[in-house]
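Visitor: These are the residues of each chain, in order.
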Amino acid sequence: MKVNGFIKDVTGANRVTQERRVAFQKSTSEDLYNDPIRLVARKLHPGRITLELLQLRNTTRDAKIYRFGAKNIPYFEAGQYLTLTMKIGNSIVSRPYSMCSAPYEALGTHPIVEIVVKRGRGSTFVSDYLLTNAKMKDLFIAEVGLGDFTYNELRDSKNVVAIVGGSGISPILSMAKAVKHGDLNINSLTILYGSITPDDILLKEELEKCICDKVKVVYVLSGNNPTWTGEKGFIDGDMITKYAPRDATYFVCGPQPMYDFLKEELKKIRVPERRIRFELFGMSRNPLELPGFDPSMEGKVFKLTVVRGLSETTIDAIATEPLSSAMERVGVKIRTNCRSGACGVCRVKVLEGTYYVSPHNDGRRKADKDFNYVHSCSTYPTSDMKIKINI
Amino acid sequence: MSRIYKDKYDCIVIGGSLSGLASALTLAKKGYSVLVLEQHNLPGGVATSFLRGGIEIEASLHEMMSIGPADAPLKIRKFFDEMGIDIDWLRVPEAYRFVEPGLSVLVHAGDRGNFDVPSKDIANAVGDPDGKIYEKLMKLFTLCHNVYNSVNELSIHPVSKVVMLRKHSDFVRTAGYSAQEVLDKFEFPKKVLDILSAYWIYVGSPLYDLPFTIYAFLMADYLGYGSYIPRKFSHEMSLKMAEKAMEMGVQIEFGVWANKIVVENGKVKGVITIDKDMINTDYVICSTYPNLAYNRLIEPKTEVPKRAIKSINARDLGLTCFSVVLLLNRDYRSLNIKDYSTFYSLEDFDMKGIWENYASVNEPYKYLTSICTNIANPDASPAGTCLYSITALPRPDSWCDVTEENYRQKKNQYARWMIEAESKRLGVNLFDHIKEIVIETPVTISHYTSAYKGSVYGYRHQMADHIVARLQMSEDENFIHGLAFCGAHGISGDGMGPAITNGRKAAKTILEFMAKDKGARQ
Chain A
0 MKVNGFIKDV TGANRVTQER RVAFQKSTSE DLYNDPIRLV ARKLHPGRIT LELLQLRNTT
60 RDAKIYRFGA KNIPYFEAGQ YLTLTMKIGN SIVSRPYSMC SAPYEALGTH PIVEIVVKRG
120 RGSTFVSDYL LTNAKMKDLF IAEVGLGDFT YNELRDSKNV VAIVGGSGIS PILSMAKAVK
180 HGDLNINSLT ILYGSITPDD ILLKEELEKC ICDKVKVVYV LSGNNPTWTG EKGFIDGDMI
240 TKYAPRDATY FVCGPQPMYD FLKEELKKIR VPERRIRFEL FGMSRNPLEL PGFDPSMEGK
300 VFKLTVVRGL SETTIDAIAT EPLSSAMERV GVKIRTNCRS GACGVCRVKV LEGTYYVSPH
360 NDGRRKADKD FNYVHSCSTY PTSDMKIKIN I
Chain B
0 MSRIYKDKYD CIVIGGSLSG LASALTLAKK GYSVLVLEQH NLPGGVATSF LRGGIEIEAS
60 LHEMMSIGPA DAPLKIRKFF DEMGIDIDWL RVPEAYRFVE PGLSVLVHAG DRGNFDVPSK
120 DIANAVGDPD GKIYEKLMKL FTLCHNVYNS VNELSIHPVS KVVMLRKHSD FVRTAGYSAQ
180 EVLDKFEFPK KVLDILSAYW IYVGSPLYDL PFTIYAFLMA DYLGYGSYIP RKFSHEMSLK
240 MAEKAMEMGV QIEFGVWANK IVVENGKVKG VITIDKDMIN TDYVICSTYP NLAYNRLIEP
300 KTEVPKRAIK SINARDLGLT CFSVVLLLNR DYRSLNIKDY STFYSLEDFD MKGIWENYAS
360 VNEPYKYLTS ICTNIANPDA SPAGTCLYSI TALPRPDSWC DVTEENYRQK KNQYARWMIE
420 AESKRLGVNL FDHIKEIVIE TPVTISHYTS AYKGSVYGYR HQMADHIVAR LQMSEDENFI
480 HGLAFCGAHG ISGDGMGPAI TNGRKAAKTI LEFMAKDKGA RQ
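Residue numbers (numbering that gives the first Met the number 0), protein chains in the order written: chain A, 0 to 390; chain B, 0 to 521.
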């Protein structure tokens, strides 16, 4: 065969073909399909599941903890959120809620998951509906285990400082529980928790149960509380320096004004950018505040034609509401997760018309921008429009 | 009830992957009505990107083969040109750096089929005073090039045996041999063999079992012509293919699972979606693995011929993917990163050892391929940052022990080992610079694409499943009339270029079914 280093054999093709034929003939016709990897993928990401409301309990006068159960709840990561999809009148709406229970509570024979629903700032009409109408044994469609506001042992410091305000405590409580349970391998979790009055402190009881050698909580009250002996004022650079270890990863969760303030404060005390993580908090309820939003749009209502498969339906789209809200209002099914323009789950194609995308919330892929794909939760109509959505 | 689908389509494509889209485009160009059903909300399958912390991160593409320069297009660029798809291709600056203990070599790709530069790079790296190694390398690459040209020609125009022997002699003579067997005949020093082995991971089979035909194709294309990436990541490619398809009248629906392929009396009748819609068609192209299709999708199961099951059971599943993608908070120059693509053998390169390591369950991966996107694509990430991916391609069975509870720990452990290895090699502690991190595992791939066991490489290229045998037996493997398969498990095997080729081939198979049916009716 070997002649001057070159092969003279011309029968190779037939040989390998014959070998393959024989292998096929000798093989078995049994069903050998077995995909354990798929089973895990489905367990971690089952898509929509049904949750049953097991319990409601008050945490402060205008917030309740909702405990849900299901046969199987995905083993999510502390800091993630779930979305609840509900029919309210003619509307079908989805809203994200951070989970305040720990991931380990989603395992075992009686999986549960908890969220906090607060009246007031935020997704008011949906939260109000829940607070007024939800009762035990009610069923909800949910997607559980979403978002990137999670601890990553390869990226983050062994010391975590959480700076929270209002219902921003939810995901941090989940982390605190996970740390206490030994599931999150960190050295310290310091929670700087801003509220107005002692009665406002959401999830205080649950949080207190987590305090241990690794978990510390500092309450900071900004209101006028004569009997309060704890920290007063706002969480600023000085307060952070007082309590935070020198090297830490900061997890910040609360209202938008808090973020703007803290960005500056953390810069002042020289915390590296990569050590700061912000949870998404949704779209501003007043888009007129957004940079570049045309103020003359106020009060305008456009026609939005929604293409689904081979059908079209035309609905109203208020200029100061994102496209996803217009659709949800009238019961057009649109899947959303983060509702902050980041994750891309609500991606739709614009076929006709003009639109405004909030620059702070334009998380689109580069090529998507070239082809008029938008994240419908952060896109507002500036003319009549036609869009194509997923089935 | 609002209408989603037509009463009937000429063809339904299951999976809006690169391959599925290539099929759809090919059929649409001929004027046929096509419906593409994709489970995810994005086109492209693995050819996509992640969004993290406001940054877009390439999910999988290292480099595209068969593109070539605009004025001398190779097969895949020609396909895009034919379809009127204009992708902003960036040339990857070099072929690769190969690193093993005691050796670090930068190999540049040649241009327009000229192998002088890579031959010089490799010869000089090991020392070649009398030029003999350079000569042998040129001979090897010429051999590879001839096989490459033959494969490209023969896939379009099959020829007679006589013409085969006369015009495709190198192809014929090497068809029965593994890459290792042919390489051994050149009697290269070990270091040269190691450098020549670097790309094995792109085809996922140990060189002693990889058909030389595949090796030759790979080497000739990459080393003789260079490679390219789209400026706006592989999502640019996937999106433009989807957009062009829609322009040509293809209906693409995202977020839809195809649950069943209905077959009656040996012929395809339609597809049932997860929403229980029955959509009529006589022809289906399926980018899902045949393992899933034959065992779970075809309805009723009795319509699946035993021969079909036997064929898939005889084949080995190709590699899956484990990739750590980092957004680092520095320009790559301050992190000692010098090359776009690096193949790193942590120990002295030993093919058998690496192959076994890729089957192991709790050992660090010994062979890594890294990409620094910004070196080929300066605007890939914001100024003062860079995108760096570290990838291994393990064997799927090694991940079959994964559970919901141990998954995160396992993936973090592997990722840690890989970042440690690269940090050591670069002399920079990458852990000090991670701004965002994405870890893609076989579970991730299964979630987004339903690929069998998270495999991304189809059926493993091996002597017992030889590309030439696949070609020769392909007509006998259309087990169900009206059903064709596209994807990495297609004839040409894995890779984004081959996936597109497989898609076109599947469309061709459907056209042949159609012609047969038309003939039968007349």
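If you're looking for bench data, these hints aren't it; they were derived computationally from the structure. Quantities reported herein were computed from a predicted structural model and do not represent experimental measurements. One should not assume that every hint holds.
[Unchecked claim] Pair by pair, the computed Cβ-Cβ distance ranges are: (1) A:263 x B:111: 49 to 59 angstroms; (2) A:212 x B:100: 22 to 32 angstroms; (3) A:28 x B:273: 23 to 33 angstroms; (4) B:330 x A:259: 20 to 30 angstroms; (5) A:361 x B:100: 43 to 53 angstroms; (6) B:431 x A:10: 32 to 42 angstroms; (7) B:305 x A:309: 34 to 44 angstroms; (8) A:361 x B:428: 29 to 39 angstroms; (9) A:47 x B:111: 31 to 41 angstroms; (10) A:47 x B:295: 16 to 26 angstroms; (11) B:518 x A:21: 25 to 35 angstroms; (12) A:28 x B:81: 32 to 42 angstroms.
[Stated by the list, open to error] Listing some non-contacts, in silico: residues in chain A with all C-beta distances to chain B over 12 angstroms: (13) 29; (14) 54; (15) 73; (16) 87; (17) 198; (18) 237; (19) 266; (20) 272.
Glycine included, every Cβ here is placed at the ideal spot set by N, Cα and C.
Visitor: Confirm or reject each hint.
Guide: Hint by hint, here is what the structure shows:
The given range of 49 to 59 angstroms is respected by residue 263 of chain A and residue 111 of chain B, whose C-beta atoms sit roughly 55 angstroms from each other. Checked against the given bound of 22 to 32 angstroms, the beta carbons of residue 212 of chain A and residue 100 of chain B, roughly 44 angstroms apart, lie outside it. The hinted window of 23 to 33 angstroms between residue 28 of chain A and residue 273 of chain B holds, with their beta carbons roughly 28 angstroms apart. Taking 20 to 30 angstroms as the suggested C-beta distance range, the pair residue 330 of chain B and residue 259 of chain A conforms, at roughly 28 angstroms.
Distance hint for residue 361 of chain A and residue 100 of chain B: a CB-CB separation of about 47 angstroms, consistent with the stated range 43 to 53 angstroms. A C-beta distance of roughly 59 angstroms is found between residue 431 of chain B and residue 10 of chain A, which places it outside the suggested range of 32 to 42 angstroms. Distance hint check for residue 305 of chain B and residue 309 of chain A: the Cβ-Cβ separation is about 39 angstroms, which falls inside the suggested range of 34 to 44 angstroms. Hint check: residue 361 of chain A to residue 428 of chain B, Cβ distance near 33 angstroms, so the stated range 29 to 39 angstroms holds.
Take residue 47 of chain A and residue 111 of chain B: their Cβ atoms lie about 53 angstroms apart, and the range 31 to 41 angstroms is violated. Under the hint 16 to 26 angstroms, the C-beta atoms of residue 47 of chain A and residue 295 of chain B, about 21 angstroms apart, fit the expected range. At roughly 33 angstroms, the beta carbons of residue 518 of chain B and residue 21 of chain A sit within the given window of 25 to 35 angstroms. Between residue 28 of chain A and residue 81 of chain B the CB atoms are about 41 angstroms apart, so this pair conforms to the stated range of 32 to 42 angstroms.
The Cβ of residue 29 of chain A does not lie farther than 12 angstroms from every Cβ of chain B; its closest approach is about 7 angstroms, which violates its non-interface assignment. Non-interface call for residue 54 of chain A relative to chain B: holds, since the shortest CB-CB distance, roughly 25 angstroms, exceeds 12 angstroms. Here residue 73 of chain A does not stay apart from chain B, with its beta-carbon only about 8 angstroms from theirs, under the 12 angstroms limit. Every C-beta of chain B lies more than 12 angstroms from that of residue 87 of chain A, the closest at about 22 angstroms, which supports listing it as non-interface.
Every C-beta of chain B lies more than 12 angstroms from that of residue 198 of chain A, the closest at about 36 angstroms, which supports listing it as non-interface. Every C-beta of chain B lies more than 12 angstroms from that of residue 237 of chain A, the closest at about 26 angstroms, which supports listing it as non-interface. For residue 266 of chain A, the non-interface assignment is confirmed: its Cβ lies about 15 angstroms from the closest Cβ of chain B, beyond the 12 angstroms cut-off. The beta carbon of residue 272 of chain A is not kept farther than 12 angstroms from every beta carbon of chain B, the shortest such distance being approximately 7 angstroms.
Taken one by one, the earlier hints fail for this structure at numbers 2, 6, 9, 13, 15, 20, listed in ascending order.
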